[in-house]
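Protein chains: 2
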Amino acid sequence: MAEDDNTVYVGSKPAMSYVLAVVTQFSEGQDPVHVKARGKAISRAVDVAEMVKRKFIEDAVVDDISIDTDQIETDEGEELDVSSIQIDITQE
Amino acid sequence: MAEDDNTVYVGSKPAMSYVLAVVTQFSEGQDPVHVKARGKAISRAVDVAEMVKRKFIEDAVVDDISIDTDQIETDEGEELDVSSIQIDITQE
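Line by line, the protein sequences give chains P and L. At position 29 of the first sequence (counting the first as 1) the number is 58 in this note's numbering, and the numbers step up by one without a gap. At position 58 of the second sequence (counting the first as 1) the number is 87 in this note's numbering, and the numbers step up by one without a gap.
In isolation and in its complexed conformation, chain P is listed as follows:
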């Protein structure tokens, strides 16, 4: 998944690459920045938000967190429920 407008999709790369993507979005004037992830990447999305807040952008705050269930289709054509998270980060 790629980064576009003000959303960073967190996947299986190291957390730091998504942290840098978020920092870049803020430096380009985006605010809020949405950090999204599904399934096992949800834990990494939380790591990313915490690292941005604590180590990179001092005035960044988590504005809202929401969770949901997405239906995805497997390669075999089966419907599968997968949890998702969206973390909205703003600069104060």
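No wet-lab data here; the hints were simulated from the structure. Accuracy of the hints is not assured; some may be wrong.
Any copy, or any two copies together, can satisfy a pair, since identical chains are not distinguished.
Think about it this way: if two alpha-carbon atoms lie no more than 20 Å apart in a straight line, the pair counts; the simulated SDA-like pairs of lysine to any residue are [claimed, not checked]:
(1) 42 / 108
(2) 65 / 40
(3) 82 / 101
(4) 65 / 106
(5) 69 / 113
(6) 82 / 109
(7) 84 / 108
No experiment lies behind these values; they were computed from the predicted model shown.
Got chain P; can you put chain L on it based on the hints?
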């Protein structure tokens, strides 16, 4: 980690065992129930909250979600930062 009062700590067991722990807490009159997890178990905690809400307790809603960074000590005595989540579930 164990279940006590109105908190369910999500670890490495299958999600369903934590779902049943949450359902049990509600059946015993606890409200809200807090679902907590650290590190890689965060994704499972989101699964647990979504499963409770969608499949087990129809009037359950996610009231609040917060994330944080906890300092834990490794077996080698080193300090390590680990992300955590708390999901508060209530019955409407």
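Here's how the hints hold up against the structure:
1. 42 / 108: neither (25 Å within a copy, 24 Å between copies)
2. 65 / 40: Within one copy, since 9 Å is at most 20 Å while 22 Å is not.
3. 82 / 101: between (31 Å within a copy, 19 Å between copies)
4. 65 / 106: Classified as neither: same-chain Cα gap 24 Å, cross-chain 34 Å, threshold 20 Å.
5. 69 / 113: both (9 Å within a copy, 14 Å between copies)
6. 82 / 109: The answer is between: 17 Å across copies meets 20 Å, while 33 Å in one copy does not.
7. 84 / 108: Classified as between; 16 Å across copies, 39 Å inside a copy.
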